[in-house]
Each structure stands twice: as C-alpha cells, then as structure tokens.
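J.: Assemble chain B onto chain A, guided by the hints.
2 protein chains.
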Amino acid sequence: MKKRSRGASVSNRLRPVGVIRSELLSPRGAPTQGSEGAPDAWLEVHRWAAKGLHRLAAGDEIIDVTWFHRARRDVLRVHPRSDRRIPMTGVFATRSPDRPNPLGFHPVTIRAVEANRLRIGPIEAIDGTPVVDIKPVLRRES
Amino acid sequence: MKKRSRGASVSNRLRPVGVIRSELLSPRGAPTQGSEGAPDAWLEVHRWAAKGLHRLAAGDEIIDVTWFHRARRDVLRVHPRSDRRIPMTGVFATRSPDRPNPLGFHPVTIRAVEANRLRIGPIEAIDGTPVVDIKPVLRRES
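Here the protein sequences line up with chains A and B, keeping their order. Under this note's numbering, the letters of the first sequence match residues 1 to 142, in that order. Under this note's numbering, the letters of the second sequence match residues 1 to 142, in that order.
These are computed hints drawn from the structure, not numbers from a lab. Glycine included, C-beta positions come from ideal geometry on N, C-alpha and C. There could be a bad hint or two in this list.
As the list claims (entries may be wrong) - Between beta-carbon pairs, the in silico distance windows are:
no., chain 1, residue 1, chain 2, residue 2, range
1, B, 28, A, 40, 37 to 45 Å
2, B, 58, A, 23, 21 to 29 Å
3, B, 55, A, 25, 27 to 35 Å
4, A, 48, B, 82, 18 to 26 Å
5, B, 88, A, 15, 39 to 47 Å
6, A, 87, B, 46, 36 to 44 Å
Chain A extracted, bound-state conformation (with noise of 0.2 Å):
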C-alpha cells in the first residue's frame, strides 16, 4: 500500500478486518454476553490484514471489535437488556448493539492461531459479523 504522510485526513469509514464465523446464526435466541454460555468461534482475517496478527498466540487475551450492522444508529435510550422493567437508559451506560457508532467489544481467549485465521470464545456475536479491530485487553494500572 502507498504511505500517507502522518496529518494527512483521514477518512472516517471503517473497513472490516475480517469477519466471524459462527454456529450462530441469529441475533434470536443468543446470548447477550459471552459469558453467558456463548459458544467458540473463527475470527477469520481478510488476507490483506493478515500480517497485523504477527505474534498473537494461543492463550492471549483480546478485544474483538465488531461493527453491528443490523443495528440501528438512531437510538439514544434503551431498556437494558430489552427488559422493560429495567428503567431507559442512555446507550452510553449500556451495552446496546443500537447505538450512534454500533461498535461491539468481545473480550475473548484465542484458542489457537491458523495462518490468517484465529478460534476465539466464548463469542455472542452471529455468523457474518465484521470485525474492525481486534487488541490486547485492556488493564487499568493505575
């Protein structure tokens, strides 16, 4: 790829690294969280973001960022957890796929690495979901 001088602007499209492949196929009847009995999934990288996986191992923590594109991007307030008889709630303080910037973080293990293609889990996202980021988990050290 062509270098871009540092300052140069930069577009504010996102552009998918991959994508998951999963046994679930329906945003109906998963899980909201991972942890809550998620199964494991193929993060599978798109060949051309193949190289920025270099010295990811089994074993590692990370944040899979996917981008929800079934969600919708004008809501503001939710119940949580579709549950009515919690109060709305700004989408700030929660974790609603439906929000401005239908960003989604996955923290999760990476069972093993195969060429351009990681097994992660235990992962509610769908199959087909982009991901557009993935990083080391986050610590607080102070």
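T.: Below, chain B alone, put in the same frame as chain A:
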C-alpha cells in the same frame, strides 16, 4: 431522527458523538497510556447525542472510544511503543494508533457530569480527538 427498520443496511461511516477537550495539545510528549501521568480532560458530547449519557454518574468506569484522526491506516506491523529494541509486532497485538481502523480505547473514571459533558481521566488523548462511542467498562464474568 427518522426510525429505520431493523435489518436496513447500516452505513460503515463513523459519526463522532463528541470531542476531547484537553490541555494536551500535541502527541509529542503526551503519555502513551492514561496511567502514565496523563491529566483529566473534558469529554464534550454533541447536543444531538447528549441523551445517550442518561444515568452515567461520577465514579462510573467507562471506556471512551476515540478515532485517531491523525493515524496511518496502512500500517500492519510496528515496534511497540515506537521502541526499536522491541521486535516488530502485528498491530492487532499492540495498542498502536496506526492500524487499519484507528480506534482508541481509553478506560477512564467519570469525575463529574455537567449537562452534555463528562469530566474524565486520566486520559492521554489530545485536544480535539473525536469520540465515537462510550461504553461501560468490560467485565469478563466467565
């Protein structure tokens, strides 16, 4: 805003929901992590998105998600922390701002809430950094 039906195609363009107002004016000399002596700052939420802050309160721990608008998006390997003594590493194993989708995660504490802005910290993001999402801190329960 007009409601769209679920399943409608979702644009992959990020829309900033706010901006960081900080005494840090340049990446030069800014700490690379909030825990390394960074100051507190204001997270100013744009008025159209301010309803999303409902129920956030002083003392809450959140992840401020930023967009590194000065980053390079064509970088897949880096020396972590720009230290040439550390071997080249895939960006997905690092917190490098240079990466295909330059999202920044900043775990911070809310110090105060004032109408459409949050006092947060410590945070290493520089003045003018666009904010694209705010999330409650991730906890791994499993």
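J.: Compare the structure with each hint and give your call.
T.: Comparing the hints with the structure gives:
1. The hint said 37 to 45 Å for the Cβ distance between residue 28 (chain B) and residue 40 (chain A), and at roughly 43 Å that hint holds.
2. At about 42 Å, the CB distance of residue 58 (chain B) to residue 23 (chain A) disagrees with the hint of 21 to 29 Å.
3. In this structure the supplied range 27 to 35 Å holds for residue 55 (chain B) paired with residue 25 (chain A), their Cβ-Cβ distance being about 33 Å.
4. Separated by about 24 Å at the C-beta atoms, residue 48 (chain A) and residue 82 (chain B) satisfy the suggested range of 18 to 26 Å.
5. At roughly 22 Å, the beta-carbon separation of residue 88 (chain B) and residue 15 (chain A) lies outside the given 39 to 47 Å, and the hint is violated.
6. Between residue 87 (chain A) and residue 46 (chain B) the CB atoms are about 24 Å apart, so this pair departs from the stated range of 36 to 44 Å.
Of the hints listed earlier, those the structure fails to meet are numbers 2, 5 and 6, in rising order.
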